[in-house]
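Protein chains in written order, with our numbering: chain V, 95 to 370; chain G, 38 to 315; chain R, 124 to 494.
Hints are not guaranteed to be accurate.
[Stated by the list, open to error] Footprint (simulated), chain V over chain R, 3 or more residues, beta carbon under 8 Å:
id: 1; region: 200-212
id: 2; region: 351-363
id: 3; region: 397-407
[Unchecked claim] Capping the alpha-carbon separation at 27 Å, the derived lysine-lysine pairs in DSS-like fashion look like this:
id: 4; chain 1: R; residue 1: 349; chain 2: V; residue 2: 330
id: 5; chain 1: R; residue 1: 197; chain 2: R; residue 2: 176
id: 6; chain 1: V; residue 1: 168; chain 2: R; residue 2: 175
Note that these hints are calculated values from the structure, not bench results. Just so we're clear, the structure is a prediction, and the values are computed from it rather than from any experiment. Even glycine gets a Cβ: it sits at the ideal position worked out from N, Cα and C.
The residues making up each chain are set out below.
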Amino acid sequence: MAAKGGPVYKGVGKIPDRVLFLFAGLIYAFLYAPILVLMFFSFNSSRSTQVWTGFSTQWYGELLRDDSVLAAFKNSMIVGVSATAIATVIGTFTALALSRHRFRGKTFADTAVYAATVMPEIVVGVSLLVFFVAIQFPLGITTIVIAHVAFTISFVTIVVRARLSGMDGSMEEAAQDLGASPVQTFLRVTLPLILPGVMAGALLAFTLSFDDFVITFFISGVGSSTLPLKIYSMIKFGVSPVINALSTVVLVATMVLIFGGSRIFLREGKGGEQAN
Amino acid sequence: MGLAGLLTPVTIWLGLFFLIPLLLILAYSFGTSNVYGGITLGFNPGNYLRVFDPLYLEIIGRTFVIAAINTLICLALGYPLAYFIVFKGRRWRNVLILLVMVPFWTSLLIRAYAWVVILSGNGIANKALQFFGVTDEPLDLIFTTQAVMMGMVYSYLPFMVLPLYAALEKFDTRLKEAAQDLGASRWHTFWRVTFPLSMPGVIAGSILVFIPSAGEFVIPDLLGGSRTVMTGNLIQNQFLQARDWAFGSALSVMLAVLLLGAIMFYIRRVGTDKLEGM
Amino acid sequence: MQRRDTRISRGRFLKAMGAAGVAGSTLSVLSACQMNTSSTGGGSSGGGPEEKKLNFYNWSDYVAASTIPSFTEKTGIEVTQDFFSSNEDLLAKLQAGGSGYDVIVPSDYMVAIMIKSKVIQKLDKSKIPNAKNVSADYRGLSFDPKNQYSLPYQWGTTGILYNRKEIGQLDATWDAMWDPRFEGEVSMLNDTRETLGAALYKLGYSVNATDPEQLAEANAELQKQKPLLRGYFDSTEARPLVQNGDLLLGHVFSGDAFVALSENEDLDYLVPQPAATRWTDTMCIPATAPHPDNAHKFINHILDANVGAKLSNYTYYNSPNGAALPMIDGALKDLPGYTLPREVFERLEVIEDTGETTREYERIFTEVKSS
Numbered sequence: 095m096a097a098k099g100g101p102v103y104k105g106v107g108k109i110p111d112r113v114l115f116l117f118a119g120l121i122y123a124f125l126y127a128p129i130l131v132l133m134f135f136s137f138n139s140s141r142s143t144q145v146w147t148g149f150s151t152q153w154y155g156e157l158l159r160d161d162s163v164l165a166a167f168k169n170s171m172i173v174g175v176s177a178t179a180i181a182t183v184i185g186t187f188t189a190l191a192l193s194r195h196r197f198r199g200k201t202f203a204d205t206a207v208y209a210a211t212v213m214p215e216i217v218v219g220v221s222l223l224v225f226f227v228a229i230q231f232p233l234g235i236t237t238i239v240i241a242h243v244a245f246t247i248s249f250v251t252i253v254v255r256a257r258l259s260g261m262d263g264s265m266e267e268a269a270q271d272l273g274a275s276p277v278q279t280f281l282r283v284t285l286p287l288i289l290p291g292v293m294a295g296a297l298l299a300f301t302l303s304f305d306d307f308v309i310t311f312f313i314s315g316v317g318s319s320t321l322p323l324k325i326y327s328m329i330k331f332g333v334s335p336v337i338n339a340l341s342t343v344v345l346v347a348t349m350v351l352i353f354g355g356s357r358i359f360l361r362e363g364k365g366g367e368q369a370n
Numbered sequence: 038m039g040l041a042g043l044l045t046p047v048t049i050w051l052g053l054f055f056l057i058p059l060l061l062i063l064a065y066s067f068g069t070s071n072v073y074g075g076i077t078l079g080f081n082p083g084n085y086l087r088v089f090d091p092l093y094l095e096i097i098g099r100t101f102v103i104a105a106i107n108t109l110i111c112l113a114l115g116y117p118l119a120y121f122i123v124f125k126g127r128r129w130r131n132v133l134i135l136l137v138m139v140p141f142w143t144s145l146l147i148r149a150y151a152w153v154v155i156l157s158g159n160g161i162a163n164k165a166l167q168f169f170g171v172t173d174e175p176l177d178l179i180f181t182t183q184a185v186m187m188g189m190v191y192s193y194l195p196f197m198v199l200p201l202y203a204a205l206e207k208f209d210t211r212l213k214e215a216a217q218d219l220g221a222s223r224w225h226t227f228w229r230v231t232f233p234l235s236m237p238g239v240i241a242g243s244i245l246v247f248i249p250s251a252g253e254f255v256i257p258d259l260l261g262g263s264r265t266v267m268t269g270n271l272i273q274n275q276f277l278q279a280r281d282w283a284f285g286s287a288l289s290v291m292l293a294v295l296l297l298g299a300i301m302f303y304i305r306r307v308g309t310d311k312l313e314g315m
Numbered sequence: 124m125q126r127r128d129t130r131i132s133r134g135r136f137l138k139a140m141g142a143a144g145v146a147g148s149t150l151s152v153l154s155a156c157q158m159n160t161s162s163t164g165g166g167s168s169g170g171g172p173e174e175k176k177l178n179f180y181n182w183s184d185y186v187a188a189s190t191i192p193s194f195t196e197k198t199g200i201e202v203t204q205d206f207f208s209s210n211e212d213l214l215a216k217l218q219a220g221g222s223g224y225d226v227i228v229p230s231d232y233m234v235a236i237m238i239k240s241k242v243i244q245k246l247d248k249s250k251i252p253n254a255k256n257v258s259a260d261y262r263g264l265s266f267d268p269k270n271q272y273s274l275p276y277q278w279g280t281t282g283i284l285y286n287r288k289e290i291g292q293l294d295a296t297w298d299a300m301w302d303p304r305f306e307g308e309v310s311m312l313n314d315t316r317e318t319l320g321a322a323l324y325k326l327g328y329s330v331n332a333t334d335p336e337q338l339a340e341a342n343a344e345l346q347k348q349k350p351l352l353r354g355y356f357d358s359t360e361a362r363p364l365v366q367n368g369d370l371l372l373g374h375v376f377s378g379d380a381f382v383a384l385s386e387n388e389d390l391d392y393l394v395p396q397p398a399a400t401r402w403t404d405t406m407c408i409p410a411t412a413p414h415p416d417n418a419h420k421f422i423n424h425i426l427d428a429n430v431g432a433k434l435s436n437y438t439y440y441n442s443p444n445g446a447a448l449p450m451i452d453g454a455l456k457d458l459p460g461y462t463l464p465r466e467v468f469e470r471l472e473v474i475e476d477t478g479e480t481t482r483e484y485e486r487i488f489t490e491v492k493s494s
């Protein structure tokens with residue numbers, strides 16, 4: 095555990111610190127400058143994404159009137175929420191099982207969970223396409239949800255497991271000794287203890303699903319274009335500031351989600367067991 | 038038995054929708070593509086022999102070089118940043134790491150597109166270069182290998198910083214103070230104490246950057262003007278252009294095997310079994 | 124420890140089963156929805172009325188604002204539109220069993236492939252009276268000689284969009300795309316058949332060449348051209364680049380060129396000699412279409428003279444609909460290359476399926492792009 099109030103380190107010389115400070119500043123500029131440029135031009139009054147001609151919110155109006163963007167957003171929400179719900183439940187159970195002892199079947203599950211995180215997305219995408227074609231399963235929202243659950247389970251598992259590894263079993267044992275049923279023990283003791291980890295896992299699963307392009311690209315079907323697919327086709331089909339407006343909305347939503355959810359992450363972080 | 042029961046859902050889901058599809062492309066990679074779609078299964082090593090065509094070997098080799106360079110650049114940029122946040126961030130530490138998380142969680146497409154806007158002919162980058170007198174004429178910044186590299190570093194840098202942060206954060210400052218009390222120099226302390234202890238973060242970060250970079254196909258498309266072909270483009274092409282699923286499957290299997298091999302080699306090489314940082 | 128495990132085990136097991144149940148039922152609900160859209164119609168194609176739905180799989184930005192609403196108004200059928208990015212992408216999605224699509228828009232050579240791979244069904248012409256509106260030039264093309272499976276949607280050419288103000292009037296040949304004067308200011312299509320086709324045309328060969336020697340020559344031409352190119356782009360990507368002045372010449376589809384021309388009068392479009400591609404996008408009905416009756420109604424709607432004119436006035440592509448021609452915007456007809464002289468039209472070639480040689484084409488294009 096880190097010392098209270100964060101680590102205190104007495105620098106020997108001050109110059110390297112300045113260099114480090116400057117370096118960090120440049121990296122943050124590198125990370126944010128492109129995003130800010132994108133946001134800036136979303137308020138441009140002309141079609142140009144290169145020359146500033148005046149302030150306007152017309153592209154946001156156009157964005158709101160574009161039914162296909164709204165439909166894609168709706169699809170992304172449906173997929174994100176369903177995939178997150180399923181992956182969080184399965185991932186949490188998996189983490190609970192994997193964090194205890196050795197037993198038959200553990201190695202398989204362990205390997206599968208880690209393998210799913212290191213398999214390149216394009217390979218997962220084409221293999222699922224081949225699979226759904228082979229079993230003649232119609233491509234659409236269902237196949238996207240199935241695929242998203244498959245690649246997010248592992249991340250939920252890893253995050254929850256990291257939380258569990260910081261706990262000992264004494265609380266659960268005490269609850270059981272006091273006569274709580276296994277279900278009660280889980281709901282009243284285990285779940286509250288791991289809840290921050292579960293929430294962090296769910297948030298991670300949701301963003302991974304919401305942002306996924308590669309896998310979805312291969313297995314989308316009737317009426318199932320998600321937001322990333324829509325953005326891709328907008329980029330491909332003519333540069334218009336509507337993309338900037340859409341990007342700005344997505345970016346702001348992400349920031350709100352992260353800063354809003356930061357309490358979960360920071361609590362996790364303080365535990366010193368935060369994964370990712 | 039009970040614990041095994043908890044594993045039932047994950048076993049079913051990953052078994053059905055992860056392992057079986059992978060086995061299927063393994064089977065397809067030994068099949069023969071029909072010209073009008075579909076595959077005849079069998080044992081046809083021809084697809085793998087085609088992978089050894091110098092043309093494709095070069096593309097695969099180039100992919101791994103680009104992914105490796107990307108990983109090194111991300112490490113070189115990400116390590117000092119993570120170090121800064123953990124040890125110099127003080128009360129801003131949480132905000133600083135959240136600021137790294139925002140791009141991590143923003144669509145990769147949007148972030149690649151931002152560079153399309155910036156690097157284009159009359160874009161901000163060219164205007165800035167002209168303003169500072171670096172050039173008179175707009176330079177060809179976009180649709181170059183450098184633009185692809187830039188886009189990849191930009192996209193994957195947060196994947197490196199976050200695990201490094203997690204690893205350094207666990208670091209007990211007292212160890213470092215002890216080393217210095219014993220007379221170690223600052224530089225010495227870093228290489229002998231800090232860096233080795235942050236190794237799990239370095240490994241996790243490198244893997245998180247290397248894998249998606251090796252499978253990348255969108256960035257070469259958007260920022261490279263399709264002049265740089267990577268393995269990802271090649272695979273996508275076999276499935277969605279050439280209608281040659283058997284060869285595409287063989288390429289996918291090769292990519293997966295080479296990547297897993299590279300990761301195992303890397304983990305052995307840096308010599309640690311600690312992957313929990315992931 | 125052992126004791127705790129066994130005591131918890133039953134609860135854990137139940138939980139796990141619960142999880143599997145939740146996942147399973149969510150899945151089955153989802154797939155039930157999906158099956159609904161794809162099977163209800165299929166079941167009723169025997170005669171009963173279909174549900175009022177239609178799934179239209181189209182290229183992006185390829186219908187006029189009024190096209191679909193006017194169909195819904197007339198028939199009460201709700202249309203869901205999705206987009207594909209290439210003919211091969213479309214084929215892959217169709218091969219995924221019941222794709223759920225009712226009307227698709229493949230281009231010429233892909234129609235031939237789809238007929239051979241049996242993923243599209245024969246049209247019932249009695250349900251498409253407007254088929255008579257199709258001009259003779261766009262009937263009975265090589266990919267579907269009797270129009271048993273397809274009727275044309277739009278057609279166009281593939282040529283060169285260029286900045287006339289900067290480089291002056293060009294001769295109608297492919298040579299400009301290989302001219303070292305324009306180094307770094309040229310783009311070719313990121314399309315195997317079109318870009319190899321340009322090299323084949325330049326050499327005086329057919330776009331459908333299968334002779335390995337001719338293909339090798341085309342390969343060499345493209346390798347020679349590569350250092351001059353800014354990149355290989357989709358037509359829609361190249362258009363703004365030429366319009367903004369980032370490129371001087373772009374290999375594009377005619378509709379994109381006409382959009383650029385009408386917005387920027389410094390530009391020009393040419394259909395090169397000795398030959399260039401004329402392509403036809405067609406309407407077909409997948410073999411597994413859930414609403415084939417609605418699909419026929421939709422095709423008939425598109426071939427209506429009025430609807431067809433509005434469509435082409437929006438897309439800036441040419442209409443195969445003879446009855447619609449009088450209603451095409453005059454300004455559009457006057458753009459260079461929109462209305463082609465008969466002798467130029469006769470020289471245009473139609474891209475055909477090259478069977479086994481397809482793989483060689485793909486290999487060459489990969490080799491060129493990665494060189």
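For each hint, the structure was consulted:
no., hint, result
1, 200-212, "holds (count 5)"
2, 351-363, "holds (count 5)"
3, 397-407, "violated (count 0)"
4, R:349 - V:330, "holds, 22 Å"
5, R:197 - R:176, "holds, 13 Å"
6, V:168 - R:175, "holds, 22 Å"
Hint 3 from the earlier list is the only one contradicted by this structure; the remaining hints agree with it.
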